[in-house]
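Enquirer: Chain X is already provided as a structure; the job is to place chain P on it using the hints.
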Amino acid sequence: MSEIMISLKNISKTYTSMGDEVQALRSVSFDIFKGESVSVMGHSGSGKSTMLSIIGALNPPTSGIIEIDGIDLYKLSAEKRADFRREYLGFVFQQFQLIPYLTAIENVMLPLTTTKRSNKEKREMAAEVLKRVGLEKKMNRLPNQLSGGEQERVAIARAIVNEPPLILADEPTGSLDTKTGDEIMELFQELNEDGLTVLMVTHNPDNVRYLKRTIMMKDGILFQDQDGLVKPIVTKKV
Amino acid sequence: MNIFQIAFNNLRRRKVKMLFLMLGLVVGIATVVAFQSIIQGMNLDLGNRIDELGANAVILPRSEGVEAHYGGAMTSDLTFDVKKLTVDDIPKIYESSVAEYINIVSPKLVGAVKIGDQNSLLVGVETKSEFTQKPWFTLKEQVDIKPGERVSDLALINLPDDSIIVGASASKALGLQIGDSVNINDKQFRVFGVLNELGSEEDGLIYSNLSVVQSLLNRPTELSMIEISAYCNNCPIEEIAMGIEEVIPNGRVISMRQAALFREETIEQFSAFGYALSGMVLLIAALVVLTTMLSSVNERTREIGIFRAVGFRKFHVLSIIFLEVGMVSILGSTIGYFLGIVAARYAGPYLAQISGEIPFQFGWFLPAVLISTGLSILISLYPALKAARMDPAEALRFI
Numbered sequence: 001m002s003e004i005m006i007s008l009k010n011i012s013k014t015y016t017s018m019g020d021e022v023q024a025l026r027s028v029s030f031d032i033f034k035g036e037s038v039s040v041m042g043h044s045g046s047g048k049s050t051m052l053s054i055i056g057a058l059n060p061p062t063s064g065i066i067e068i069d070g071i072d073l074y075k076l077s078a079e080k081r082a083d084f085r086r087e088y089l090g091f092v093f094q095q096f097q098l099i100p101y102l103t104a105i106e107n108v109m110l111p112l113t114t115t116k117r118s119n120k121e122k123r124e125m126a127a128e129v130l131k132r133v134g135l136e137k138k139m140n141r142l143p144n145q146l147s148g149g150e151q152e153r154v155a156i157a158r159a160i161v162n163e164p165p166l167i168l169a170d171e172p173t174g175s176l177d178t179k180t181g182d183e184i185m186e187l188f189q190e191l192n193e194d195g196l197t198v199l200m201v202t203h204n205p206d207n208v209r210y211l212k213r214t215i216m217m218k219d220g221i222l223f224q225d226q227d228g229l230v231k232p233i234v235t236k237k238v
Numbered sequence: 001m002n003i004f005q006i007a008f009n010n011l012r013r014r015k016v017k018m019l020f021l022m023l024g025l026v027v028g029i030a031t032v033v034a035f036q037s038i039i040q041g042m043n044l045d046l047g048n049r050i051d052e053l054g055a056n057a058v059i060l061p062r063s064e065g066v067e068a069h070y071g072g073a074m075t076s077d078l079t080f081d082v083k084k085l086t087v088d089d090i091p092k093i094y095e096s097s098v099a100e101y102i103n104i105v106s107p108k109l110v111g112a113v114k115i116g117d118q119n120s121l122l123v124g125v126e127t128k129s130e131f132t133q134k135p136w137f138t139l140k141e142q143v144d145i146k147p148g149e150r151v152s153d154l155a156l157i158n159l160p161d162d163s164i165i166v167g168a169s170a171s172k173a174l175g176l177q178i179g180d181s182v183n184i185n186d187k188q189f190r191v192f193g194v195l196n197e198l199g200s201e202e203d204g205l206i207y208s209n210l211s212v213v214q215s216l217l218n219r220p221t222e223l224s225m226i227e228i229s230a231y232c233n234n235c236p237i238e239e240i241a242m243g244i245e246e247v248i249p250n251g252r253v254i255s256m257r258q259a260a261l262f263r264e265e266t267i268e269q270f271s272a273f274g275y276a277l278s279g280m281v282l283l284i285a286a287l288v289v290l291t292t293m294l295s296s297v298n299e300r301t302r303e304i305g306i307f308r309a310v311g312f313r314k315f316h317v318l319s320i321i322f323l324e325v326g327m328v329s330i331l332g333s334t335i336g337y338f339l340g341i342v343a344a345r346y347a348g349p350y351l352a353q354i355s356g357e358i359p360f361q362f363g364w365f366l367p368a369v370l371i372s373t374g375l376s377i378l379i380s381l382y383p384a385l386k387a388a389r390m391d392p393a394e395a396l397r398f399i
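Chains X and P, in that order, give the protein sequences. According to our numbering, the residues represented by the first sequence are 1 to 238, in order. According to our numbering, the residues represented by the second sequence are 1 to 399, in order.
Isolated chain X (complex conformation) (with noise of 0.2 Å):
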């Protein structure tokens, strides 16, 4: 048995708007294995988006555990948490989210900056990234010169320049259209073949195929696919 990258226990996230609380994530728990590729699915305001910016240290949860590989993400220091994204997460995110004014290779190089290597071997590593998603030859281009399935390449070898364990995809083809979306899908596939673990979400069922295992998502609520039987998994009741 794989050893568990992703360990969620008991997860919940309450937001305060207007007075009101709104609970975006009712104690989720799941695990997720080294070298798994999995999508999480679900309507809009499922929760999905929430959890996986919990998943990315970005956002603490009201309540629960997240561990990643056997890291208690929020027992860390805000500090440490940017230099655990660094060293262990890739993300890509909807839309691209590319920094408009640095070209296709400077942006992939953006999770480097912070490191202690040279300029030369930065430039070397993200070089050989974009050759990999098959931009080698748009290097220097600014993303407003790229098609979309090029800035989505661009996202995804952003995401593994610093040769992360661990990928985390919000959407990511979302804004492509049918064929392209297929072959950024592949290139996933190709990822997690090579060893990344893959979580992405989604809500295009298109995609689940590429992907090993699929989670559904609903009001907060983790669901599980397995065997192809839609099979509700409440770890705890609400």
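Heads up, a few of these hints could be off.
Here are some of the chain P residues that sit facing chain X, going by a computed Cβ distance under 10 Å [claimed, not checked]:
(1) R13
(2) R14
(3) F20
(4) N119
(5) E303
(6) R308
(7) F312
(8) P392
(9) E394
Simulated crosslink set (DSS-like; lysine-lysine; CA at most 27 Å straight-line) [to be verified]:
(10) K15(P) to K314(P)
(11) K17(P) to K386(P)
(12) K116(X) to K9(X)
(13) K131(X) to K120(X)
(14) K140(P) to K80(X)
(15) K75(X) to K131(X)
(16) K17(P) to K80(X)
(17) K314(P) to K120(X)
(18) K108(P) to K140(P)
(19) K75(X) to K108(P)
(20) K179(X) to K116(X)
(21) K15(P) to K138(X)
(22) K116(X) to K314(P)
(23) K75(X) to K140(P)
(24) K179(X) to K137(X)
Just so you know, these hints were derived from the structure itself, not from any lab. We put the beta carbon where it would ideally sit given N, CA and C, even for glycine.
Expert: Below, chain P alone, put in the same frame as chain X:
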């Protein structure tokens, strides 16, 4: 890729915002540098004047006067019982208790004359004493000079009675060249020489021998003023003034040092105004920096969220903001500095009525840049902290 490159690339590719930020700094620094240069030039000019004239005093005809007020505002000086100064007063100077201090006595009569259809001021002087006292008067052109010969030293010339020496501005205004014949009050004069430009009111004057002018203006023996100079800069000029007034009760003695001190007061007032205005302009420039950076931070919320998400610490985000402000400040203050010293150099003499040049203050470059940059970074502390403290999840709209 390093923090500096991120900051530099942001400025390079968002030129409009950078230029707007820089403009405030350019104007601020240029104003401060120009003002301070002009004040420096004024003090330098005053120092030179004190050096030149410090040992000088002027005897003017004594008069009584009152200030006329209307509605609380002074409208004019009313002068009455004006005494006369005459050539008979000159020997009294040498008989006074302070005669031992007296070096040069230069009497003069000033009167308005018509040359062509223009009014001009004609000054009758004893050329030797006048131009010995003022060695900065030099001839630009002189009649009867053979090729290769130099113009004469004014203090050594014997100005013929039918000749005049014309100031630089008067020469241009009246269209007078050396050798020209000119009619003044029905008497013909020849232009003996044209003076080099002094950059003062004296450029508009015409000089001739004292006795000739007294005769021309029908004011025999009368004098408008007597300028005296002491042997030394440190001679007790106030004591000299008192000693002369004792023997010439119809005269009022003003030491040039005293007159220069009045100008020093004016310079001090201008300096105070200059400092206040400089402070205001710097404050406005600082506010421009603050509002521009706040706006920039707000616009870059997602970008800052990305930085934090990929592992930038708060310190790194702070550094990006400070580097951007620092680079813009260095460039803006450099441009502002050079703009300021050029403006002071070429506009300052007209604005401040300085006769000499305003020197370039190259030593101010580094302090101007350092102070401007330091101030800009300090002002940017709030927007920088705001950026660094941003909740990355909120910034990326996960929430």
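Enquirer: Hint by hint, say whether it matches the structure.
Expert: Going through the hints against the structure:
1. R13: holds (4 Å)
2. R14: holds (6 Å)
3. F20: Violated. Min distance 16 Å.
4. N119: violated (67 Å)
5. E303: holds (6 Å)
6. R308: Given a least distance of 6 Å, the restraint on R308(P) holds.
7. F312: With a closest approach of 6 Å, the F312(P) hint holds.
8. P392: holds (5 Å)
9. E394: Holds. Min distance 9 Å.
10. K15(P) to K314(P): holds (26 Å)
11. K17(P) to K386(P): holds (19 Å)
12. K116(X) to K9(X): violated (35 Å)
13. K131(X) to K120(X): holds (16 Å)
14. K140(P) to K80(X): violated (80 Å)
15. K75(X) to K131(X): violated (38 Å)
16. K17(P) to K80(X): violated (34 Å)
17. K314(P) to K120(X): holds (25 Å)
18. K108(P) to K140(P): holds (23 Å)
19. K75(X) to K108(P): With Cα atoms ~95 Å apart, K75(X) and K108(P) exceed 27 Å; violated.
20. K179(X) to K116(X): violated (39 Å)
21. K15(P) to K138(X): Measuring from Cα to Cα gives roughly 24 Å; hence the hint holds.
22. K116(X) to K314(P): holds (17 Å)
23. K75(X) to K140(P): violated (88 Å)
24. K179(X) to K137(X): holds (21 Å)
Figure legend: structure checked against the earlier numbered hints; hints not met, in rising order: 3, 4, 12, 14, 15, 16, 19, 20 and 23.
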